[in-house]
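Asks: Listed below, chain by chain, are the residues.
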Amino acid sequence: TQLLEQSPQFLSIQEGENLTVYCNSSSVFSSLQWYRQEPGEGPVLLVTVVTGGEVKKLKRLTFQFGDARKDSSLHITAAQPGDTGLYLCAGVELRTGTYKYIFGTGTRLKVLA
Amino acid sequence: DTGVSQNPRHKITKRGQNVTFRCDPISEHNRLYWYRQTLGQGPEFLTYFQNEAQLEKSRLLSDRFSAERPKGSFSTLEIQRTEQGDSAMYLCASSLNRFPGKNTEAFFGQGTRLTVV
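As they're listed, the protein sequences go chains A and B. All residue numbers for the first sequence refer to our numbering, where the first residue is 1 and numbers rise by one. All residue numbers for the second sequence refer to our numbering, where the first residue is 1 and numbers rise by one.
Please note that a few of the clues may not be correct.
[Stated by the list, open to error] Derived lysine-lysine pairs resembling BS3-like cross-links, with alpha carbons at most 30 Å apart:
(1) B:K57 with A:K70
(2) B:K71 with B:K11
(3) A:K110 with B:K11
(4) B:K57 with B:K14
(5) A:K59 with A:K110
(6) A:K70 with A:K110
What the hints contain is simulated information worked out from the structure, not anything from laboratory work.
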């Protein structure tokens, strides 16, 4: 059972469109990271959110952490072909006291020119 | 610092052979993680170290898998008697944790892609 569920799993859109990717869990996280991964490479950190309700912006990307720190979203405005990749959310579960990062299933985004 | 470094980048081995991967974390990072990722999936946790101590191991880490971090710096992951199901990308990550209960970002290496034929 995946602790972190991401939706959608696949997304193919035209350049210039907006999109939102969701990361949901029944667990509370002390922090949540978003990564982007390209084929054959390791995940690259985009942002970390820590506080419930926190919103962070990275150029055209907006990240939000849910008030209860159980979910997060990534919104991309005016998507570009360079945004194509696998987007992963990862959290450190608060309850168990472990420090391992749990990853979501990933959202594979393809932006068509 | 050039980030987390993993070697080799690619490894093709015959079923039944042993393989060893190396990870060099970011130099001041005290936590080191190993993950396995199969095509189309998110990374799955295998194990992690706090300095040289291995603090947690996943059930995915069968007795054919062993990881070490002898001096609290680089780490090795060995797979004995490889099977075709071991084919995956093996990712290493490191992070710096100064305070109890606080976890900082994990930075990943480029991974080692293992193909067992």
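Asks: Now, for every hint given, state plainly whether the structure supports it.
Replies: Hints, verified against the model:
Distance check on the hinted pair: B:K57 and A:K70 sit about 24 Å apart at the alpha-carbon level, within 30 Å; holds. A distance of roughly 25 Å separates the Cα atoms of B:K71 and B:K11; the hinted pair therefore holds under the 30 Å criterion. For the suggested pair A:K110 and B:K11, the alpha carbons sit about 29 Å apart, so the restraint of at most 30 Å is met. Annotation: proposed proximity of B:K57 to B:K14 holds, straight-line Cα distance about 26 Å (limit 30 Å).
Restraint check for A:K59 and A:K110: satisfied, since their Cα atoms lie roughly 19 Å apart, inside the 30 Å limit. With a C-alpha separation of about 27 Å, the suggested pair A:K70 and A:K110 falls inside the 30 Å cut-off, and the hint holds.
The structure meets every hint from the earlier list without exception.
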